[in-house]
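> What follows is each chain in one-letter form.
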Amino acid sequence: MIQPADWEKVEELFHEAIDLPVHQREALLASTSAAVRAELESLLKADEKAFFAEPPVHLAADLLERQPGALAAGQRIGKYEIESLITVGGMGEVYLARDPSGGPIALKILRRHLVASPQAVDRFETEARAASALHHPNIVTVCESGESAAGLFIAMEWIDGPTFRELIDAGAVDTAQAIDWGGQAAGAVAAAHAAGILHRDIKPANIILGKDGVLKILDFGLARLAGPVRLEVNSSGASGTISGTLSGTLLYMSPELFRGELASTASDVYSLGTLLYELWAGRHPFAAETPLAVFEAIECRVVAAPSTLRAGIPAEIDGLILRMLDRDPGVRPSASKVCEVFSRFSAKP
Amino acid sequence: MNPQGEVTSLLAAWGKGDQNALNELMPLVYKELHRIARRAWVGQDQGNTLQPTALLNEAYLKLAGAENASYENRCHFFAVACTAMRQILVNHAKSRLAGKRGSGQVKLSIDDVQLAVHQEAAQVVALHEALERLEAVDSRKSRVIEMRYFGGLSIEETAEALGISVITVNRDWRLARTWLMREINGEES
Chain A
698 MIQPADWEKV EELFHEAIDL PVHQREALLA STSAAVRAEL ESLLKADEKA FFAEPPVHLA
758 ADLLERQPGA LAAGQRIGKY EIESLITVGG MGEVYLARDP SGGPIALKIL RRHLVASPQA
818 VDRFETEARA ASALHHPNIV TVCESGESAA GLFIAMEWID GPTFRELIDA GAVDTAQAID
878 WGGQAAGAVA AAHAAGILHR DIKPANIILG KDGVLKILDF GLARLAGPVR LEVNSSGASG
938 TISGTLSGTL LYMSPELFRG ELASTASDVY SLGTLLYELW AGRHPFAAET PLAVFEAIEC
998 RVVAAPSTLR AGIPAEIDGL ILRMLDRDPG VRPSASKVCE VFSRFSAKP
Chain B
11 MNPQGEVTSL LAAWGKGDQN ALNELMPLVY KELHRIARRA WVGQDQGNTL QPTALLNEAY
71 LKLAGAENAS YENRCHFFAV ACTAMRQILV NHAKSRLAGK RGSGQVKLSI DDVQLAVHQE
131 AAQVVALHEA LERLEAVDSR KSRVIEMRYF GGLSIEETAE ALGISVITVN RDWRLARTWL
191 MREINGEES
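Listed in order, the protein sequences are those of chains A and B.
Offset between the first sequence (1-based) and my numbering: plus 697.
Offset between the second sequence (1-based) and my numbering: plus 10.
In case anyone wonders, no lab produced these hints; they're calculated from the structure.
What you are looking at is a predicted structure, and each value in this text was computed from that prediction instead of being measured.
Heads up, the beta-carbon is just placed ideally off N, CA and C, and yes, glycines get one too.
It is possible that part of the hints are untrue.
Claimed, not checked - Just the calculated beta-carbon pair ranges, DEER-fashion: (1) B:E139 with A:K746: 17 to 25 Å; (2) B:A146 with A:F749: 16 to 24 Å; (3) B:R143 with A:V911: 53 to 61 Å; (4) A:V719 with B:A146: 29 to 37 Å.
What the hints assert, rightly or not - A short, non-exhaustive set of chain B residues, derived as facing chain A with CB atoms under 10 Å: (5) A146; (6) R181; (7) W183.
Same shape as in the complex, but just chain B (with noise of 0.2 Å):
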C-alpha cells in the first residue's frame, strides 16, 4: 500500500473506534508536522507568517492526498494533528527549558530575543500541565483547548473536527480558558 492508502485507511480504522490505528497515526503526522515547520520557520524570513491551520491542512494533504481529502477524513486527521502540535510544541518547550539549565560551562548568551522565547516555553508547559488537570475533569473541554491554541484551529474547525455544535464550542472554550487561566495564576483570596 502506497504511504498516503496507509494514511487513509488508518485515518478511518480511527474513526471506526480502532485505538492502535491512531498508534501508527502519530509518528506520521508528528514528522510530517516538524518537516513543515521546519520549512514555515525558513520562510518566515521572506516574510512569511507561520499559520497553524494552513500547516496542517498542508500535512493532512501530503499524508493523505488530495483524492482521498474527504471531508470526515479530514475531520478525523485534524484531531490527531492538534494532539502532535501539542507534543511537539511541549516537548520542545520543555526541551529549551531544560537547555537553559545546562551545564555550566558552556556560556550561552541570553539576549531578549531568547528570553521572551524562554518564557514562552514556561508558559506552554504550564497551559500543558493544566490542561491534563482539566482532562480529569471535562475531557472535550482539554480537546476544545488543545485544538484552539495548539493546532490553531478556528471555532468552526473545531466544531467540526470534535462533531459538536459551533456553540457548544464557544462555550466550552470560554470556560476552558477560565479554568485554565484560575489554575495556572492561583486563585487570589
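Chain A with its partners taken away, still in its complex shape (with noise of 0.2 Å):
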C-alpha cells in the first residue's frame, strides 16, 4: 500500500496534473519519486465518469422487497413451518412447508409491500375465497387461509408433480392420456362455472398433475363471480416484461378480452381449448416471434385443426377444440360439453 506522506504527494499532484493536457503532464510526474509516479500515472489513466451515476437507493427497495425466498427454513407462518421455497409468482411465493402433523403443505404467501395495495389484497383474498368455496376433485384444495406477521397466506394441499408447462414442453403425449387430461380439466372449469366462479386465468403453468395421474387446477387468483376483467400491464416500464407476460398469461387470453369485453365462461373455455390444442398439436396455436405478433395471431390467424400437425386425433375431438378457440364466444361449447366429449372418448376401451 502507498505510504501516507507518498499518499498526500499524490493527491496534491494529482489534482494538478488531472486539468492539464497530457503532454504538458510529464514535467510534472517527472520531478517525483517512483512510487508516486506509478500510483498517479495509474489514477490518470482510471476514468472517473465510469463511476456508478445514481446512488443505489431504489436497488435497495427493490432488494428488500423482490429479494426472492425472504423466509428461511424453519421461520413459523401460522401453525405451519416453512420448509423451502417453490417458486416466486408475480403477487407472491410458494413455499413448501408442514402442518402441526408434519404434513407437507404449499403455502402461498402475499408479500408485504403488496399487501400495501388494496388490489393486492383483494384479489389475493378473492382466490383464497373462490378456491374454498369449490370442491372438486380437479380443484386444488384450500386448508386455511389467514394473516401473519409475514402477510397474507393460503396453505394449499401439497401436489408433487409436473406443471403442464413442463409436460407440454417435455414432447408428445400419447392420445390415450390427453384425452384423459382434456376430460379432468374441463371438469374442473365446468365444476367452478356451475358454482358461478370463473377462473380467468387457465394457462399450463396452472395445472399440477399430481403422482396419482390425478390433474389439479390452481390458482383462482383472478376468479370473480362478476365484473369486468382487467388487463394488467406490469408497468414498471423495464424490459423484458411484456414478453415474460406473454409467454405468461396473455398467450392463453381470448380475443374478447383483448377487446375489453367482459369476461364469461366462454372465455375460460377459450384459455382451455388453446391449451389443449398446445398438449394435442405439440404448439401453440398462435405462437409468434414478437408480442405484436402474437396479438396479431390471436386476432386474425386461420388456426390449422390439430390433426394437420399430428395423427391419430379423433375426428370429434380435433373440431371440439377449433370451436373452443373461435373468435366468436358465442360458438364455443360449454366447458360441461367439453367435459362430456372427453369422458365419453376415454370411456372407450
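Two chains, two frames, a set of hints: combine them into the complex.
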C-alpha cells in the first residue's frame, strides 16, 4: 500500500495534473519519486466518469422487496413451518411447508409490500374464497387462509408433480393420456362455472399433474363472480416485462378480453382450448416471433386443425378444440360439453 | 425517556466522541431506514421516485423529532444514516447474489429486470470492497463516497455532515472516484 507521505503528494499532484493536457503532465510527473509516479500514472489512466451514476437506493428498495426466498427454513407462518421456497410469482411466493402433524402443505404468501395495495389484498382474498368455495377432485383444496407477521397466506394441499407447462415442453403425449387430462381439466372448469366462478387465468403453469395421475387446477387469483377483468400490464416500464407476461398469461387470453369486453365462462373455455391445442398439436396455436405478432395471431390467424399437425386425433375432438378457439364466444362449447365429449372417448376401450 | 429523546441524546453523545452511542444508534437508524425504503418502494408504483436524501430526512425527523432537529444533530445523524444505508445496501446486494446461486431445485425465472438488478448488486458489492481498501489509505475520502453514493447526499450536505469545506469535498469526490474506478476495473497496462 502507498505510504501516507506519498499519498499526500499523489493527492496534490493529481489535482494539478488532471486538468492539464496529457502532453504537459510529463514535466510534473518527472520531478516525483518512482512510487508516487506509478500511482499517479495509473490514476490518470482511470476514468472517474465511469463511476456509477446513480445512488443505488432504488436498488435497496428493490432488494428489500423482490429478493426471492425472503422466508428462511424453520420460520413459522401460523401453525405451519417453512421448509423451502418453490416459486416466486407476480404476487407472492409459494413455499413447501409442514403442518403440525408433519404433512406437506403448499403455502402461498402475499408479499408484505403488496399488502399495501388494496387490489392485491382483494385479489388474494378472492383467490382464497373462490378456491375454498369449490370442492372438486381436480381443483386444489384450500386448507386455511389467514394473516401472519410475514403477510397474508393461503395454505393449500401439496401436490407433488409437474405442471402442464413442463408436460407440454417435455414433448408428445399419447392420445389416451391427452383425452384423460382434457376430461379432467374440463370437468374442473365446468364445476367452477356451475358454482358461478370464473378462473380467468387458465394456462399450463396453473395445472399440476399429481403422482396419482389426478390433475389439479390452481391459482384462482383472478377468479371473480362477476365484473370486468382488467388487462394488467406491468407498469414498471422495464424491458422483458412484455414478453414475460406474454409467455405467461396473455398467450392464453381470449380475443374478447383483448377487446376489453367482459370475461365469461366462454373466455375460460377459450383458454382451456388453447392449452389443449398445445397439448395435442405440440405447439401453441398463436405462437409468433414478437408480442405484436402474437396479438395479431390471436385476432386474425386461421388456426390449423390439430389433426394436421399430428395423426391419431379423433375427428370429434379435432373439431371440438377448434370450436373452443372460435373468436366468437357464442360459438364455443360449454366446459361441461367439453368434459362430456372427452369423457365419452376416455370411456371407450 | 421517549424514543425521540433517546435518539437525540445518543446523537449528542456520539458528537462528543462516545463510540458506544454510535453502536446503540445504528440499529435504530437501520430499522427506520428499512421501514421507509419499503414504503417508498410501494409508492414508486404510483409514480414517485425514491429520493435518498428525502428518505434520510424523513428517518431523521421520525427518530429525533422535529423539535430536536437542530442543525448540528442533523449533521451527526446524516453521518450515521449514510453508514446504515451502506450496510443495508451491501447486505441486500450480497444476499441477492447468494440467492441466485441458490439450490438447484428451485427454478426461478431470471428476466431482464432481474438480470439488471443482479448486475447492479454485483457492482455495489465490488464498490463496497474497494471502499474498504480506500478506507485504509484515506478514511475521509471513503466517508465522502459513502455519503455521496450510498447516502445520496449532495456535495454541500456532505461538507456539512463531515464538517469540511465544499472545495475539499469536491476534490475528495473526484480523486476517490478515480481511485475506486481504477481498483474495480483493474489497471490497463
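> With reference to the structure, classify each hint as holding or not holding.
The hints, checked one at a time:
no.: 1; hint: B:E139 with A:K746: 17 to 25 Å; verdict: 21 Å, holds
no.: 2; hint: B:A146 with A:F749: 16 to 24 Å; verdict: 22 Å, holds
no.: 3; hint: B:R143 with A:V911: 53 to 61 Å; verdict: 59 Å, holds
no.: 4; hint: A:V719 with B:A146: 29 to 37 Å; verdict: 30 Å, holds
no.: 5; hint: A146; verdict: 7 Å, holds
no.: 6; hint: R181; verdict: 6 Å, holds
no.: 7; hint: W183; verdict: 9 Å, holds
Of the hints listed earlier, there is not a single one the structure fails to meet.
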